[in-house]
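Asker: Start from the sequences, fold in the hints, and give me the full structure.
Quick note, the sequences are listed as chains E and R, same order.
Under full-length UniProt numbering, the first residue of the first sequence is numbered 1, with each subsequent residue one higher.
Under full-length UniProt numbering, the first residue of the second sequence is numbered 1, with each subsequent residue one higher.
Quick caveat, the hints were computed from the structure, so don't treat them as lab data.
Yeah, the Cβ is synthetic: ideal placement off N, Cα and C, and Gly gets one too.
A portion of the hints provided could be inaccurate.
Said to hold, decoys possible - With a cut-off of at most 30 Å between alpha-carbon atoms, the simulated DSS-like pairs for lysine-lysine come out as follows: (1) E:Lys77 with R:Lys115; (2) R:Lys27 with E:Lys41; (3) R:Lys27 with R:Lys58.
Claimed, not checked - Just some of the chain R residues that point at chain E, by a computed CB distance under 10 Å: (4) Cys53; (5) Asp54; (6) Leu82; (7) Pro84.
Unchecked claim - To give a feel for the contact side, a few chain E residues facing chain R, derived at Cβ under 10 Å: (8) Ala2; (9) Phe25; (10) Arg32; (11) Asn49; (12) Ile53; (13) Ala58.
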Amino acid sequence: MASTLRLYLTCIRNTLEAAMCLQNFPCQEVERHNKPEVELKTSPELLLNPVLICRNEAEKCLIETSINSLRISLKVKQADELENILAKKFLRFLSMRAEAFQVLRRKPVQGYDISFLITNYHCEELQKQKLIDFIVQFMEMHSLKYFRRT
Amino acid sequence: MMAAAEKFVEADNAEAIITRIEHKSRKIESLLKQNKPVEALKTALEGSSHMICDERCKSANWIVVHRALMAIKDVEGMFSSLDPEYYDILMKYLYGGLSTGDRPTCDQCLRIHEKLTERAGLGCILRSLADTVNAI
Chain E
1 MASTLRLYLT
11 CIRNTLEAAM
21 CLQNFPCQEV
31 ERHNKPEVEL
41 KTSPELLLNP
51 VLICRNEAEK
61 CLIETSINSL
71 RISLKVKQAD
81 ELENILAKKF
91 LRFLSMRAEA
101 FQVLRRKPVQ
111 GYDISFLITN
121 YHCEELQKQK
131 LIDFIVQFME
141 MHSLKYFRRT
Chain R
1 MMAAAEKFVE
11 ADNAEAIITR
21 IEHKSRKIES
31 LLKQNKPVEA
41 LKTALEGSSH
51 MICDERCKSA
61 NWIVVHRALM
71 AIKDVEGMFS
81 SLDPEYYDIL
91 MKYLYGGLST
101 GDRPTCDQCL
111 RIHEKLTERA
121 GLGCILRSLA
131 DTVNAI
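Answerer: Pasting the structure below:
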């Protein structure tokens with residue numbers, strides 16, 4: 001159990017290290033605009049293949065990259081209804097305060113529990129390794145059953 | 001053999017490709033019976049880029065590669081005999097396996113992914129992300 005978690009997190013870490021190669025890219029369609037291309041998905045030449053990493057049927061991680069932005073969506077496992085409610089409440093609490101987190105997306109992508117949006121500006125201000133550490137630690141924290149009943 | 005593969009691709013003959021995949025599948029089964037999982041994996045990965053013209057071929061090829069991947073028991077040993085030319089195509093199939101969500105497949109793919117990244121580096125991952133033309 002613990003070893004699959006370690007392998008899962010290692011896989012996500014390696015994929016993020018490879019995928020987080022972002023550069024500034026002004027919008028091609030609208031003058032003087034700069035938008036995260038991974039959200040718009042209007043130009044296929046700016047997008048890389050999205051990658052879905054599943055640990056099992058319930059837990060998965062979707063990593064979508066583009067030239068100037070990267071979106072990571074997580075689905076965490078909930079064992080029963082109570083955990084489902086608790087996790088939803090907690091993640092909603094975090095998402096409401098997305099401004100403070102900078103890299104958090106206000107609404108998770110359809111089908112997932114929480115999403116992160118990292119742009120080239122984040123990579124310029126913040127350290128790439130630390131960003132990746134943050135995301136992996138976030139996942140570890142969830143999997144360590146902080147909110148599970150004993 | 002390579003010229004023959006090109007002719008098939010030019011003729012866009014899906015039936016011929018399905019036949020070749022079936023032939024590959026039989027070869028892999030016999031290699032697995034002889035306890036040669038690495039050879040089986042090499043056979044499965046060989047020519048994969050030429051064998052994908054439509055959804056049917058893709059899924060048929062995936063079944064064959066999946067069979068070979070699940071038969072690998074010793075991951076370290078596999079890498080000592082697998083040539084580097086197979087790393088990129090193997091990485092693509094690993095991500096394909098990870099997206100299925102099936103627990104044993106994901107376990108095996110995660111195990112191989114860790115070792116493959118150690119061997120091939122982050123460039124291998126990035127090539128599989130960036131290759132939008134030859135998607136498996």
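Asker: Could you check the structure against the hints above and give me the numbers of any it violates, in ascending order?
Answerer: The structure breaks hints 2, 4, 5, 6, 7, 8, 9, 10; every other hint is satisfied.
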